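Novice: Work out the full structure, taking the sequences as your base and the hints as a guide.
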Amino acid sequence: NAGVMQNPRHLVRRRGQEARLRCSPMKGHSHVYWYRQLPEEGLKFMVYLQKENIIDESGMPKERFSAEFPKEGPSILRIQQVVRGDSAAYFCASSGPTGGPVLFGPGTRLTVL
Amino acid sequence: QQQVKQSPQSLIVQKGGISIINCAYENTAFDYFPWYQQFPGKGPALLIAIRPDVSEKKEGRFTISFNKSAKQFSLHIMDSQPGDSATYFCAASKGNQFYFGTGTSLTVIP
Numbered sequence: 001n002a003g004v005m006q007n008p009r010h011l012v013r014r015r016g017q018e019a020r021l022r023c024s025p026m027k028g029h030s031h032v033y034w035y036r037q038l039p040e041e042g043l044k045f046m047v048y049l050q051k052e053n054i055i056d057e058s059g060m061p062k063e064r065f066s067a068e069f070p071k072e073g074p075s076i077l078r079i080q081q082v083v084r085g086d087s088a089a090y091f092c093a094s095s096g097p098t099g100g101p102v103l104f105g106p107g108t109r110l111t112v113l
Numbered sequence: 001q002q003q004v005k006q007s008p009q010s011l012i013v014q015k016g017g018i019s020i021i022n023c024a025y026e027n028t029a030f031d032y033f034p035w036y037q038q039f040p041g042k043g044p045a046l047l048i049a050i051r052p053d054v055s056e057k058k059e060g061r062f063t064i065s066f067n068k069s070a071k072q073f074s075l076h077i078m079d080s081q082p083g084d085s086a087t088y089f090c091a092a093s094k095g096n097q098f099y100f101g102t103g104t105s106l107t108v109i110p
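Chains P and S, in that order, give the protein sequences. Number 109 in the working numbering belongs to position 109 of the first sequence; there are no gaps in the numbering. Number 60 in the working numbering belongs to position 60 of the second sequence; there are no gaps in the numbering.
The set of hints was computed from the structure by calculation and includes no laboratory data. All values derive from a computational prediction rather than experimental measurement. Glycine is no exception: its CB is placed at the ideal position from the N, C-alpha and C atoms. Misleading hints may appear alongside valid ones.
One-sided excerpt, in silico: chain P residues whose CB lies under 8 Å from chain S [what the hints assert, rightly or not]:
(1) Y33
(2) L38
(3) F104
Specialist: Right under this line is the structure:
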């Protein structure tokens, strides 16, 4: 079992470009969470999704950020027109249909030049 | 509103000492309380977890103490080692709704 997979592990974008971060949940997990972490800071909740549904997006900026978890394929966190302040580590986590342990992926480190 | 409050923000402990990190929660409906350990450049890893029907859970040098009436739980690391130096996050959940503490940076001095 490969666990939660994220790619790319490192992503460099110039200001104004788009960033696409992918997350494949652990096998059997149907719930995906996205968190952002700035250096030396805690985990900031962004969005919680089930297949084809956004359950809670209260932590996601209203503009430029979007997330999806399609019926087939990985969950995608999309950041349009990136700015330097978007530079951070973005972690995906997943859990089973009835809750239980949330398991994290290794993260994608986004650097905006 | 911060659903889970974690303290201290940072902690320095001598090798062989006991590290104690505390968390408090608001919602009495929470029924699962995990702790995560994160090393620099890595994702948080599940360390140990407890449900509110027990007051203590021990796994090796790591122990969770749970006080349901006070709505508090804590992580104790016995015989702390330099390799335990990491950031620790507590969390509380009900079903698939998870809330994390702000993290504690632990440094164990040789």
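Novice: Hint by hint, note whether the structure agrees.
Specialist: Going down the list of hints, with the structure as the test:
Checking P/Y33 against chain S by beta carbon gives a least distance of about 7 Å; that is within 8 Å, so the hint holds. Annotation: interface hint on P/L38 violated; nearest CB of chain S at approximately 12 Å, more than 8 Å. Residue-level restraint check for P/F104 holds (minimum Cβ-Cβ distance to chain S is 4 Å; threshold 8 Å).
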